[in-house]
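Given the coordinates of chain A, work out where chain B should sit on it, guided by the hints.
These protein sequences, in sequence, are chains A and B. When we follow the working numbering, the leftmost residue of the first sequence carries the number 1, and every step to the right adds one. When we follow the working numbering, the leftmost residue of the second sequence carries the number 1, and every step to the right adds one.
Calculated from the structure, these hints are not laboratory results. If a hint is listed, it holds; no wrong ones were tucked in.
As the list makes no split between identical chains, a pair holds if one copy fits it or if it spans any two.
With a cut-off of at most 30 Å between alpha-carbon atoms, the simulated DSBU-like pairs for lysine-lysine come out as follows: (1) K104 / K85; (2) K104 / K142; (3) K85 / K142.
Protein chains: 2
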Amino acid sequence: MVNLFWADEGGLPANDRGLAYGDGLFETIRMEGGCGVLLSRHLERLVRDAGRLGIALSRGDLRAICSEASARFAGSFDGGDWVLKLTVTRGAGGRGYRPDSGMKPNLLVSSGALPPMDYPSGVAADFSRVPITVNPLFAGIKSLNRLEQVMAARELDDSLFEVIMSNSEGHLLEGTRTNLLLKTKDGWVTPPRSSLAVAGIMREWVLERLRDRGEQVSERPLMPEDLIGAECLGLYLLNSVLGVVSVRSLAGHDLPVDGGLATICNLLETLE
Amino acid sequence: MVNLFWADEGGLPANDRGLAYGDGLFETIRMEGGCGVLLSRHLERLVRDAGRLGIALSRGDLRAICSEASARFAGSFDGGDWVLKLTVTRGAGGRGYRPDSGMKPNLLVSSGALPPMDYPSGVAADFSRVPITVNPLFAGIKSLNRLEQVMAARELDDSLFEVIMSNSEGHLLEGTRTNLLLKTKDGWVTPPRSSLAVAGIMREWVLERLRDRGEQVSERPLMPEDLIGAECLGLYLLNSVLGVVSVRSLAGHDLPVDGGLATICNLLETLE
Chain A
1 MVNLFWADEG GLPANDRGLA YGDGLFETIR MEGGCGVLLS RHLERLVRDA GRLGIALSRG
61 DLRAICSEAS ARFAGSFDGG DWVLKLTVTR GAGGRGYRPD SGMKPNLLVS SGALPPMDYP
121 SGVAADFSRV PITVNPLFAG IKSLNRLEQV MAARELDDSL FEVIMSNSEG HLLEGTRTNL
181 LLKTKDGWVT PPRSSLAVAG IMREWVLERL RDRGEQVSER PLMPEDLIGA ECLGLYLLNS
241 VLGVVSVRSL AGHDLPVDGG LATICNLLET LE
Chain B
1 MVNLFWADEG GLPANDRGLA YGDGLFETIR MEGGCGVLLS RHLERLVRDA GRLGIALSRG
61 DLRAICSEAS ARFAGSFDGG DWVLKLTVTR GAGGRGYRPD SGMKPNLLVS SGALPPMDYP
121 SGVAADFSRV PITVNPLFAG IKSLNRLEQV MAARELDDSL FEVIMSNSEG HLLEGTRTNL
181 LLKTKDGWVT PPRSSLAVAG IMREWVLERL RDRGEQVSER PLMPEDLIGA ECLGLYLLNS
241 VLGVVSVRSL AGHDLPVDGG LATICNLLET LE
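Bound conformation, chain A alone (with noise of 0.2 Å):
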């Protein structure tokens, strides 16, 4: 179904439709030794996404696949949580941009170290000065065509967590790696997903939750103003990795950190 290829043997080949064109996609899991935080979540979204760009993928093999590659690489991090990275193209080859059919994909899978996640007392984010253009057709997949993340993270040094991308109309929708999510007294607000270059997987659960427990969860347009506004009640920064992470600064404004801070821990508790 698809072929197979480990990182720590080698690349893909040299005419894969990753590199030639991003055409593909892909996702980063955080696993807790052999077991994936989220995974049935993050492998539903591939091979949904997968079918987006006409890229037939199997759930079962995926599984098969995360599960040896836990065999394969959970050792090499002392029992301690990694990343375990699937990199799904359509294949190699093909007539320029225009693609054979039956063309048999290539997954490239690969583990990383987690990312130092120690702020205990929030981040501090920006602005972007780079915007983000959405096209609806990939709205939401976590594609390979990522330049304008790569742009944007290059504003980042080591005092700034995160900076937060605007489209055209003015609209906040993300940040590089993470998706917002803001307490204000009328409840969580978060942008729609319809306007998302990429819709992460601790979003969708995240805001799962809290409308199981009650909570209002609206789903609008985000401007400046809402986030260093007095409406706001605290900042969250969504990512299936890392967590939910608070800000405490943006663009220079102290943000209250404790407006939802509760709620959220008590949330991750339940996350498996």
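Okay, now just chain B, sitting in the frame of chain A:
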């Protein structure tokens, strides 16, 4: 200055940022034996646009590598024309989207056969259903983020040479691999460079030659009625490998094929 990889010896490292994020750009150059058509312009664009992405390249080094590539590959094509492809990425590694400072770019050099090019009576084209989005920061750059072009190229079949993509305002911008040039009674028209996803080398060269000859050339947005209406005296698709191709049929509408063809053919004789 770059890490050099020959595609006939293997691909890029598994953690290359070109695969991971489309963090790079490419050129495809028509080679006549050992000589590249419009080679200087290709290398100039590559160095300039890499600079826009913060990737430093040296034109002299690239030129030397092209000579080496000619010596290596030209013999495989029986003295006929072929295609040289240069794929540049920011390098391997980094902290997620965020590159490390001082990364060394990777350059993958590959060769390919010329695509079929026998269409004496012009080609058929259609309008694409895939919208194109252009981030102003990357306008014109032949980056590795080409998923839109891939999805549009999936609409092609062997009877259809090209599909023309439009932005959210309904402006026709370009084909998947070609720029547009329209002949009208008031002169030549092409979409503005700043609106384009890819600003082609052949487009640039043809516009310069037309202006040199005192032809009227204007850059303005094109709508479907401009191409299929009575104003159209000829529609041409420009690509540095394929040259200039006349469209005889667009979305089922017959187009005049001889309105500007003599001028274009005359021009191309001066191409070196």
